[in-house]
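Residues per chain, in single letters:
Protein chains: 2
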Amino acid sequence: MNALLFRDATPADIPVMIGLSHAGDARGADTPPLDPASLDDPRYRLAFDEIAADANQRLIVAELAGEIIGMLQITIVPGLPNFGMKRGMLENVHVRADQRGSGHGGAMVNWAIERCRERGCGTVQLTSNKRRHDAHRFYARLGFVGSHEGFKLKL
Amino acid sequence: MNALLFRDATPADIPVMIGLSHAGDARGADTPPLDPASLDDPRYRLAFDEIAADANQRLIVAELAGEIIGMLQITIVPGLPNFGMKRGMLENVHVRADQRGSGHGGAMVNWAIERCRERGCGTVQLTSNKRRHDAHRFYARLGFVGSHEGFKLKL
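Protein chains in written order, with my numbering: chain X, 725 to 879; chain P, 725 to 879.
Source of the hints: derived by calculation from the structure; they are not laboratory data.
Hints are not guaranteed to be accurate.
Below, a list of computed lysine-lysine pairs in the DSSO-like style, where the Cα atoms sit at most 30 Å apart [to be verified]:
id, chain 1, residue 1, chain 2, residue 2
1, P, K810, P, K878
2, P, K876, X, K854
3, P, K810, X, K854
Looking from chain P toward chain X, a few residues come up when the C-beta cut is under 7 Å (computed) [said to hold, decoys possible]:
id, residue
4, D765
5, Y768
6, L770
7, A771
8, I775
9, T799
10, G808
11, Q849
12, N853
13, H872
14, E873
15, G874
16, F875
17, L879
All C-beta atoms in this analysis are idealised placements derived from N, C-alpha and C, irrespective of residue type, glycine included.
Sequences and hints are given; from them, build the entire structure.
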């Protein structure tokens, strides 16, 4: 059996990561197709560089047999309450469709939780679109509690 | 009428901020009282300094006639999808109990939304405990959509 490998993303991984997050769009079948030409947009590399330069951010890919099958971003958020408790926030958690239900997604999130623990976080948090009932079961199995409403405002 | 003033918090504001966030605990009447001696814990100042040193964090207090009546923390989170769309995250949003329903809380959150817009964010997001129905109405009035489940894992 191939082992799952976790590593920080490199600029060469940008197209695969954009593909994974596009395929994971909460609109599902209503999502417009990804325009391959859009992958050359220079804003992707600028955003990548900004994430890579920030000590409180990690953009992670999960590789299986040399192929990227998952990704996520970890943000460490310092805070004042609870004696300065840090929070770990997970964003952009995606597993390639053909690898769901394999346990690899759980291994990836558990790996990220351990990184948050190493950084001294007291809580790990994330939001998941209310349409994603399968994702909600996935996070509940990993020990997350859906105690909060997740509010978004588009600017 | 006194104008509401927004400014970055200073170390001298730590006890008032801890008091506000303690009073806003989602446990409500079940919250244990705040031990005044705990305010001297050096971890508060360490956390404050970490927030103040991070260009992607702002810890804001709202003052009315020289008194702090509200607080919140803004975190700017860089991201890859949507051509590198940044997110603004609000945490630790608290308004002093006697000032709720006055419009000051809305003014404070709208001020924070404008700061996120200035930093180029495409979305502002926050989570609110499911027990806080009044807070949910408050955020809905400000234009936020409760589209997501907010998951938390205590470490």
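Taking the hints in turn, this is what the structure says about them:
no.: 1; hint: P:K810 with P:K878; verdict: holds (26 Å)
no.: 2; hint: P:K876 with X:K854; verdict: holds (15 Å)
no.: 3; hint: P:K810 with X:K854; verdict: holds (22 Å)
no.: 4; hint: D765; verdict: holds (6 Å)
no.: 5; hint: Y768; verdict: holds (6 Å)
no.: 6; hint: L770; verdict: holds (6 Å)
no.: 7; hint: A771; verdict: holds (3 Å)
no.: 8; hint: I775; verdict: holds (5 Å)
no.: 9; hint: T799; verdict: holds (5 Å)
no.: 10; hint: G808; verdict: holds (3 Å)
no.: 11; hint: Q849; verdict: holds (5 Å)
no.: 12; hint: N853; verdict: holds (6 Å)
no.: 13; hint: H872; verdict: holds (3 Å)
no.: 14; hint: E873; verdict: holds (5 Å)
no.: 15; hint: G874; verdict: holds (3 Å)
no.: 16; hint: F875; verdict: holds (4 Å)
no.: 17; hint: L879; verdict: holds (5 Å)
The structure fails none of the hints (numbered hints given earlier).
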